[in-house]
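I would like the entire structure built from these sequences, with the hints used as guidance.
2 protein chains.
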Amino acid sequence: MNGAEAFVGTLKACGVEVCFANPGTSEMQLVGAIDKQDGMRAILGLFEGVVTGAADGYGRMADKPAVTLLHLGPGLGNGLANLHNARRAASPVINMVGDHATYHLHYDAPLTSDAAGVARPMSDWVRVSKSERDLAQAGAEAFAVAQSYPGKIATVVVPADHAWTEGSAIVAPQLAAAPAKAPAEAIEAAAAALRDGTGPKALFLGGRALREDALVQAGRIAAATGARIVCETFAARLHRGAGRVPVERLPYFGEQAAAFLADLETIVFCGCEPPVSFFAYPGKPSWLSPEGANLVRLASLREDAPAALTGLADALGAPSQPANVQQSASFPADDADKLAPAGVGAVLSALIPENAIISDEGATAGLAIFGMTAGAKAHDWLMLTGGAIGQGLPLAVGAAVACPDRKVLALQADGGGMYTPQALWTMAREKLDVVTVILNNGSYAILNIELMRVGVQNPGPKALSMLDLRNPSLDWCSLSEGMGVPAERATTVGEFRKALAGALAAKGPRLIEAMI
Amino acid sequence: MNGAEAFVGTLKACGVEVCFANPGTSEMQLVGAIDKQDGMRAILGLFEGVVTGAADGYGRMADKPAVTLLHLGPGLGNGLANLHNARRAASPVINMVGDHATYHLHYDAPLTSDAAGVARPMSDWVRVSKSERDLAQAGAEAFAVAQSYPGKIATVVVPADHAWTEGSAIVAPQLAAAPAKAPAEAIEAAAAALRDGTGPKALFLGGRALREDALVQAGRIAAATGARIVCETFAARLHRGAGRVPVERLPYFGEQAAAFLADLETIVFCGCEPPVSFFAYPGKPSWLSPEGANLVRLASLREDAPAALTGLADALGAPSQPANVQQSASFPADDADKLAPAGVGAVLSALIPENAIISDEGATAGLAIFGMTAGAKAHDWLMLTGGAIGQGLPLAVGAAVACPDRKVLALQADGGGMYTPQALWTMAREKLDVVTVILNNGSYAILNIELMRVGVQNPGPKALSMLDLRNPSLDWCSLSEGMGVPAERATTVGEFRKALAGALAAKGPRLIEAMI
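If you read the protein sequences in the order shown, they are chains A and B. My numbering puts the first residue of the first sequence at 146, with every later residue one more than the last. My numbering puts the first residue of the second sequence at 146, with every later residue one more than the last.
Worth flagging that the hints you see were computed from the coordinates, not collected in a lab. Incorrect hints may appear among the rest.
What the hints assert, rightly or not - Once the Cα atoms are required to be at most 30 Å apart in a straight line, the calculated DSSO-like pairs of lysine-lysine come out as: (1) B:K429 - A:K552; (2) B:K275 - A:K429; (3) A:K209 - A:K643; (4) B:K607 - A:K181; (5) B:K652 - A:K607; (6) B:K181 - A:K429; (7) B:K576 - A:K652; (8) B:K607 - A:K607; (9) B:K552 - B:K429; (10) B:K429 - A:K607; (11) A:K181 - A:K576; (12) A:K652 - A:K607; (13) A:K576 - B:K552; (14) B:K209 - B:K181; (15) A:K607 - B:K643; (16) B:K607 - A:K209; (17) A:K607 - B:K576; (18) B:K275 - B:K209; (19) A:K326 - A:K209; (20) A:K181 - B:K429; (21) A:K643 - A:K483; (22) A:K607 - B:K181; (23) B:K607 - A:K275; (24) A:K275 - B:K275.
In structure tokens, the structure reads:
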């Protein structure tokens with residue numbers, strides 16, 4: 146078999162089943178190999194940001210990697226923003242990036258670029274294949290790296306001649322290392338801090354500590370110690386809703402976040418580092434934890450969070466069950482009201498289906514909606530981990546591929562949605578069960594707030610125009626239908642309720658343009 | 146003034162008048178500085194590939210740089226593909242890339258990335274500001290680098306605290322160095338080769354050798370020596386049409402290109418290097434010039450091409466005028482015929498307005514249309530220099546901003562158009578005089594050809610589906626109107642002729658979806 150077949154065969158032997166692809170000429174042998182490989186699904190994206198964002202969504206939900214197929218340095222470049230988000234989510238992702246044949250590189254043909262150089266800033270691991278036989282070996286290594294708990298970004302650069310040369314063979318899968326355990330000393334220190342601390346306390350959770358099994362342990366700890374349970378502002382995947390252990394989300398703006406944490410005297414971190422402000426602002430601190438508080442690391446992002454929390458709960462002699470679980474609750478809203486974020490949140494609090502997956506890139510509106518849906522039916526909430534907008538729709542694609550039996554809801558701000566609208570086409574092509582809600586306020590609303598927060602005085606019309614999306618207004622129904630996804634517009638709470646109920650009752654992609 | 150104001154003021158003092166922008170929070174001070182700076186136009190793109198592609202188009206037409214405004218490493222990442230094309234076009238471009246405040250970087254906040262590392266693969270020069278005063282100095286240096294003949298990509302990373310700190314000042318412009326002259330020995334060697342060579346000869350031209358002044362000199366040389374005049378397959382900007390010195394374009398596919406050049410015994414290169422195949426193919430040569438031919442470099446891309454050609458023409462004692470200029474010519478086409486690339490070419494050959502600018506990312510269809518429009522009214526033809534698709538619509542934006550009194554025509558293949566469709570919104574917002582023709586064949590047609598050329602045997606449905614854009618079909622009229630650009634669809638030659646004539650007679654953006 147040729148190198149491409151051995152590479153793809155090795156990935157399949159490792160358990161990789163999905164390829165999100167946007168190939169070009171230098172990847173035609175990889176396309177041929179995927180074509181021949183039983184059990185490897187190929188999903189086309191019309192833009193590379195869709196491909197990498199979908200791989201992120203798939204990785205978050207499947208807890209194993211999909212592979213991307215990208216066209217040289219420029220194609221990889223188009224996928225970098227969502228790889229940045231995937232890396233910040235600690236998602237497992239394997240990238241296969243085609244490159245010119247090794248002997249062709251020195252001619253400096255027009256598409257020649259430093260593909261490994263493009264990969265490095267957003268990859269945890271980059272490997273350039275050395276031969277047609279080494280290519281399969283690189284695949285096995287990439288899988289092991291991508292599966293490093295909880296996940297990493299592994300990129301393999303594939304010269305075209307390694308792909309097409311015969312004489313390669315499938316390599317046996319490498320077992321990913323088991324997750325590292327938090328040290329016993331860390332568990333003891335956290336137990337002592339929570340037991341002995343006299344003032345207000347919190348568990349601060351991120352990464353895998355936000356899955357249901359870990360949250361049950363956190364709930365036991367809270368029952369034993371009175372600690373609050375707080376999560377990072379932008380988590381990869383949070384289990385929440387009725388019947389689950391509730392979690393308070395750290396506010397986005399730095400001064401609000403600092404105030405939120407200000408009275409805590411003990412904070413135990415599990416699955417993440419102490420929070421810092423998203424951006425720097427003149428004269429405002431970046432570090433958010435209160436001065437003088439006792440900050441204790443129970444487990445890092447790369448240590449087994451559920452095991453560490455279980456160990457801590459047991460060390461505290463905590464009760465076997467959490468004392469506090471989320472009650473079912475929804476918000477009322479008057480159908481005659483003009484639609485606003487609160488109306489969207491109220492309708493969602495009532496209509497989110499059991500076991501739904503929410504891809505939230507709702508920006509300013511998303512923060513309000515999150516708060517109102519705490520008591521909805523149990524669901525997964527996926528957030529914009531790296532701040533590179535254009536994640537929401539691709540992430541929904543990947544989540545729907547990973548979980549075909551669950552309803553996916555994409556809450557997408559209009560500004561961010563315009564970075565990767567091509568995801569809608571892939572939803573239509575693959576008949577993915579995704580309801581997209583475009584939160585259309587005609588503005589980069591967050592930047593209108595930030596402009597003042599960073600100290601720009603008296604912005605003129607030129608500055609304000611750079612934050613305004615209404616000249617001309619985007620017609621998302623038209624965009625959606627142009628890519629094959631049926632769409633309707635809602636301007637009142639009643640219209641939104643009816644549209645959402647209809648979309649949720651149907652199977653397959655729908656878009657609702659919520660005019661807020 | 147703060148660092149941002151000094152930086153923007155320095156760029157303005159250098160002569161920069163346009164900023165293509167997609168800012169975020171860390172660039173708010175730069176937004177404020179642009180807002181205050183008289184004579185600096187701000188043009189918003191909804192995606193960074195639009196921003197960098199527009200800067201390329203502006204640079205090709207204005208022969209001076211615009212500045213881009215991009216949001217940290219991920220925002221720059223989204224712009225890399227079109228920066229790759231701009232670099233291959235040797236366009237002058239300055240990028241200003243915001244970054245976190247220097248003191249905030251070590252906190253590793255979610256959007257933290259290696260912005261300089263992202264910039265390097267697609268920039269000729271990267272500079273990280275060292276202080277609020279150094280930021281203005283970096284601006285002056287960036288302008289000088291960008292203006293290096295014929296143009297370079299200069300990227301400045303701007304930490305937010307340098308932008309907002311007071312105490313900076315505008316720096317005096319640095320004069321760009323004059324273009325290097327081709328050595329006298331190169332002119333003598335080229336003259337001797339053309340004079341003494343007995344077999345078929347050609348001038349092979351690229352870069353600035355394809356502007357009208359240089360082509361007149363090439364025509365003189367052809368008149369004196371009988372040399373053919375050939376240009377690279379993908380040139381940044383070619384002056385052509387009725388009354389101009391005609392140029393033969395090297396074919397795209399390697400074996401056709403080699404055959405095209407096969408009988409030449411002498412080739413003189415000016416403004417480019419000897420051509421190589423775009424991709425490598427198993428068993429086919431990458432080097433295209435015939436073995437044993439006398440290859441002479443008259444001037445490199447970075448040497449003054451018109452001066453070198455003038456020197457060569459004079460050394461040959463050539464007549465003062467070309468013997469051969471393009472006659473006016475157009476192709477007939479039956480209005481009742483179903484539309485195909487030949488029909489589009491025929492209609493364009495008759496309707497291209499005097500002094501129009503064509504942004505050609507027509508891919509397979511574009512190659513046919515190019516051949517048929519040689520005898521149209523005089524125009525500029527801009528090509529996909531780096532092979533990273535998604536250039537065509539953004540390039541048209543930039544060309545229209547640089548040349549508001551000229552009609553711009555974007556010939557855009559459907560597959561490539563989906564990488565940067567957001568350019569249509571900027572056309573609408575800025576009321577740019579661009580007619581976009583989408584060449585919709587529902588396919589990555591080039592890849593269907595390449596799949597066989599690289600030796601993939603008997604591709605199955607999974608492989609073919611990855612090259613097919615018809616499931617679902619894209620409705621470009623719907624997409625265009627969703628972004629504020631009026632659109633109509635043409636399925637026959639007559640419909641296309643009527644739509645194009647109407648769009649050309651109007652002012653402002655229009656889109657025609659040509660079903661080919």
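Proposed proximity, K209 (chain A) with K326 (chain A) (alpha carbon, max 30 Å): Since the Cα atoms of K326 (chain A) and K209 (chain A) sit roughly 20 Å apart, the hinted pair holds (cutoff 30 Å).
Given pair status - K552 (chain B), K576 (chain A), alpha carbons within 30 Å: Outside the cut-off at roughly 41 Å; violated.
Given pair status - K181 (chain B), K607 (chain A), alpha carbons within 30 Å: holds (8 Å)
Given hint K275 (chain B) paired with K275 (chain A) - CA-CA distance at most 30 Å: violated (39 Å)
Pair hint outcome, K209 (chain B) versus K181 (chain B) [Cα-Cα no greater than 30 Å]: holds (22 Å)
Hint consistency between K652 (chain A) and K607 (chain A) [alpha-carbon to alpha-carbon, up to 30 Å]: violated (45 Å)
Hinted pair K275 (chain B) and K429 (chain A), Cα distance within 30 Å: OK: K275 (chain B) and K429 (chain A) at ~21 Å, within 30 Å.
Pair hint K607 (chain A) and K643 (chain B), alpha-carbon separation not exceeding 30 Å: violated (38 Å)
Straight-line alpha-carbon gap K652 (chain B) to K607 (chain A), limit 30 Å: holds (24 Å)
Straight-line alpha-carbon gap K607 (chain B) to K607 (chain A), limit 30 Å: Violated, at roughly 49 Å.
Restraint status (C-alpha distance of K275 (chain B) to K209 (chain B) at most 30 Å): This hinted pair holds, its Cα atoms lying about 26 Å apart.
K181 (chain A) paired with K429 (chain B) [C-alpha distance capped at 30 Å]: With Cα atoms ~25 Å apart, K181 (chain A) and K429 (chain B) stay inside 30 Å; holds.
Hints 1, 3, 7, 8, 9, 10, 12, 13, 15 and 24 from the earlier list are contradicted by this structure; the remaining hints agree with it.
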